[in-house]
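> Here are the chains, one letter per residue:
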Amino acid sequence: MTSTQNSGRFLEDFRQGELIRHATPRTLTSGDQALYTALYGSRFAVQSSAEFARGLGYADMPVDDLLVFHIVFGKTVPDISLNAIANLGYAECRWLKPVYVGDTLATTSEVIGIKENSNRQSGVVHVRSQGRNQRGEVVLEYVRWVMVRKRHADSQITPAPVRALLTEVAPGDLGGAVPPLNISAYDDALAGSARRFGAYEIGMKIDHVDGMTVEEAEHQLATRLYQNTAKVHFNQFAQGEDRFGRRLIYGGHVISLARALSFNGLANAFHVAAINGGRHVSPLFAGGTVFAWSEVLDKCAVPGRRDIGALRLRTVATRDLPCTAWPMPGDAATQAQVLLDLDWWVILPI
Amino acid sequence: MTSTQNSGRFLEDFRQGELIRHATPRTLTSGDQALYTALYGSRFAVQSSAEFARGLGYADMPVDDLLVFHIVFGKTVPDISLNAIANLGYAECRWLKPVYVGDTLATTSEVIGIKENSNRQSGVVHVRSQGRNQRGEVVLEYVRWVMVRKRHADSQITPAPVRALLTEVAPGDLGGAVPPLNISAYDDALAGSARRFGAYEIGMKIDHVDGMTVEEAEHQLATRLYQNTAKVHFNQFAQGEDRFGRRLIYGGHVISLARALSFNGLANAFHVAAINGGRHVSPLFAGGTVFAWSEVLDKCAVPGRRDIGALRLRTVATRDLPCTAWPMPGDAATQAQVLLDLDWWVILPI
Amino acid sequence: MTSTQNSGRFLEDFRQGELIRHATPRTLTSGDQALYTALYGSRFAVQSSAEFARGLGYADMPVDDLLVFHIVFGKTVPDISLNAIANLGYAECRWLKPVYVGDTLATTSEVIGIKENSNRQSGVVHVRSQGRNQRGEVVLEYVRWVMVRKRHADSQITPAPVRALLTEVAPGDLGGAVPPLNISAYDDALAGSARRFGAYEIGMKIDHVDGMTVEEAEHQLATRLYQNTAKVHFNQFAQGEDRFGRRLIYGGHVISLARALSFNGLANAFHVAAINGGRHVSPLFAGGTVFAWSEVLDKCAVPGRRDIGALRLRTVATRDLPCTAWPMPGDAATQAQVLLDLDWWVILPI
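Heads up: the sequence lines are chains A, B and C, in that order. Just so we're on the same page, the working numbering is the position in the first sequence counted from 1, plus 804. Just so we're on the same page, the working numbering is the position in the second sequence counted from 1, plus 804. Just so we're on the same page, the working numbering is the position in the third sequence counted from 1, plus 804.
FYI, nobody ran anything at the bench for these hints, they're computed from the structure. Honestly, I wouldn't trust all of these hints.
Here chain C is said to cover these stretches of chain A; the calculated rule only asks that three of the stretch's residues, wherever they fall, bring their Cβ under 8 Å from a Cβ of chain C [unchecked claim]:
(1) 854-866
(2) 881-892
(3) 1100-1113
Counterexamples of contact, computed for chain A against chain C with all Cβ distances above 12 Å [stated by the list, open to error]:
(4) N810
(5) I824
(6) R847
(7) V942
(8) I1006
(9) Q1024
(10) R1050
(11) F1067
(12) N1068
(13) A1136
Take a look, some chain C residues computed to stay more than 12 Å from chain A by CB distance [said to hold, decoys possible]:
(14) A827
(15) E855
(16) E945
A virtual CB, placed ideally from N, CA and C, is assigned to each residue, including glycine.
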């Protein structure tokens, strides 16, 4: 008889090519949106105003892109990363359809790579996860890889190499979640900035200025809202005996904070279209104040679209370190204060 | 002139047979559901996905059973327990109709027992409370008894004994809140477990494994959401001078935490049908981490139903004490760490 | 090239008569209402029950008046008060139309007064702000004045005096946000009190009794929900080096707490119709417990209405100081514990 409880998968439990259907489909509601606003203070007009969104051509105000990400991601945790030692990276992450209040999302993951570590205690699993709505349309897709414990050090693991991952989502693959926009209805004053796509140049660096301090109650509310069950975020009794002595804050919480902070400097970047790659450089704990800055790595037209353009950004988030001096993950002096190093595509009106 | 403020009832103010209509009817919204998810991280598919619920035969995803309980209960506090010394117990608690977003609930209580304590300073009042929706249908009914202060020690109290309460809600009285289900549509993978009714045996003990640390902001948000006005949960200035020196966490918050934790081991127990009895063994304060375990006390068919079966569970919740060793309320060593001892019926698909 | 980031306006940047269209229109949802209830525990039946509200003649349960205020106000912060030294006062604040879930609010402000301070480092700007719904109807209007820094001490500022502000909103200007009510449907038991308009007399003082302790997570969630970007509420890293060493709690949070507490004594005062004037006497920090009391300054019929009457209240909120002794802002002994001194009109059924 299998155990009643879910104790998560170990490295031995993954099979190359296996398709995992994750539990707990989730209907998104205006309550989720309101909580998302309360947790991060996001101010992009498209996601804040049904009038603004409909005027542009959306069916309604779309659910925040990262809220979609967190919901889709959360479902994978009990099957993929309950025994994870670390969440190592993301690639080929794309938003493919808009998500609206009332849509129900469910997630599947395909195992696309398995590799044992040389210490034989653990290994790395790659999965491609897809979030689908109630019509079966893929709304979000991404690859992530995690370091997972082995159940027994002496188990034999058949390596299954992952094919090379793209270092960049191609411009032609961006914008599926943005319907054709009546861009003449885009109101810069209501959006908060007159700086559209044309106002940004490659190499520009933008300090997002503001700082946001995170409380235990906040990240717990967020992470439970996403039905993410990773134990390290919630159980102070156990974490108190861990090397940090603290609850770790879900890395996605930092991404959402950085995104909300980026409004100051990128008010018209109303949509996250893709994540090329990302890394949680160091953990965040409650009481820390998050800052962020972005650099424009690239800008490009979106093939077939005259309404929108794409900026490739590198966004760095820090803890207790304002970003006036553009702190980098490699800096020895600030290493422990860099939380996040993210390479992503955002969409702006032309 | 009566006082403008509500100072609550004392023992003298209750009349046997009196029907109290409580204030503040409450329309439940998707915002309440989202907050409930954020507060407890509940993952039962029926309450999480409108698609899943409708596929089974619900009109929509039903509002979480315990959210209904807390809303119905909260209304009784200003009239019943504002001067309560302790909330002593529950019995004959049944969920009778599903509650959906948009329904408006109001509560009435009938006084069914009054007894003075031998110290003449206080007494015990029994009430039967009923929550009704906007169509006047009773959606939830329960008996609770509270110890209430007397206004004057020398007042004469006419005793009005309560009839014997049932120690168990009969199986035939379960399941009114579950419409006839198209059980072939029940998807175990989406629900999170292949263990349905038949997989549980009397005497099984299930450690729910996970722990959840509670913050002051969290229980205050919850208890205000329920419009529960008990002063001990909110006023640190006053509580600081009390014997505990702390705000007490609403006992219902612990019930909801235990229920959400029980997903790990009871993922298909999608509905709480009844509470046979329950006791808050010791209080919880912010900073504590809640764990829980359950024992299957009984299992039975639900008369007239071929879609669902009922498990009678004893669920024990603890503070800062993992439940691998099944801590019991009577254990001397762990007594102060046992928070809750609950006897309830849950429903699973057959 | 103007800066990408918003660094806010300094005194030099305001022009008398200028109309500023603020960013981030906002669609109000049932999620916002649920969060508002969770943050303050408000219990007025009209805003809590769609059935109660519709029975009286509302189209639905209206969004809480102060939630409307905070949303309209929040939009003005990036343009008006990002460099504010202090929020000095409010006047001529009126609620003009009911706001329902699904309405989208946007705010404009007209600059109606500019005055340099004698120290030449700063000055005072008066603005009249208007919140409009998606039909262009003004739902809320108010004047506020703020002390704003100058960019350069030696800049020349052309003074533009504000016309004298009304010390009281006239009774004939009250009640626009209350549709004609079928007052025979008003159910005192469900509302929580039999004390209607006629039961209050000028000079009555009401201690609202209860106290509410505020946590960092709570005021941050609230202030982000309002998309209010004032840095002092969120950034402990910066505030730690400020004179208080702490995050300041948004003054509007105190107003909402006082309003929710006022239910105990004013349960039938279901609508805030106007603010005649108000002052944040001292700041609140997390951990403080808020109390409040009110005095009836005036009572009057609402011209043209036989369903409702208006009470003019002075409401004082305090920190860690119960209001049994009616603490006043001028009291030397309690000065630092008085948070708020508000003069407003509330509406009750006749």
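> Would you pick out the hints that fail for this structure and give their numbers low to high?
2, 3, 6, 9, 11, 12, 14
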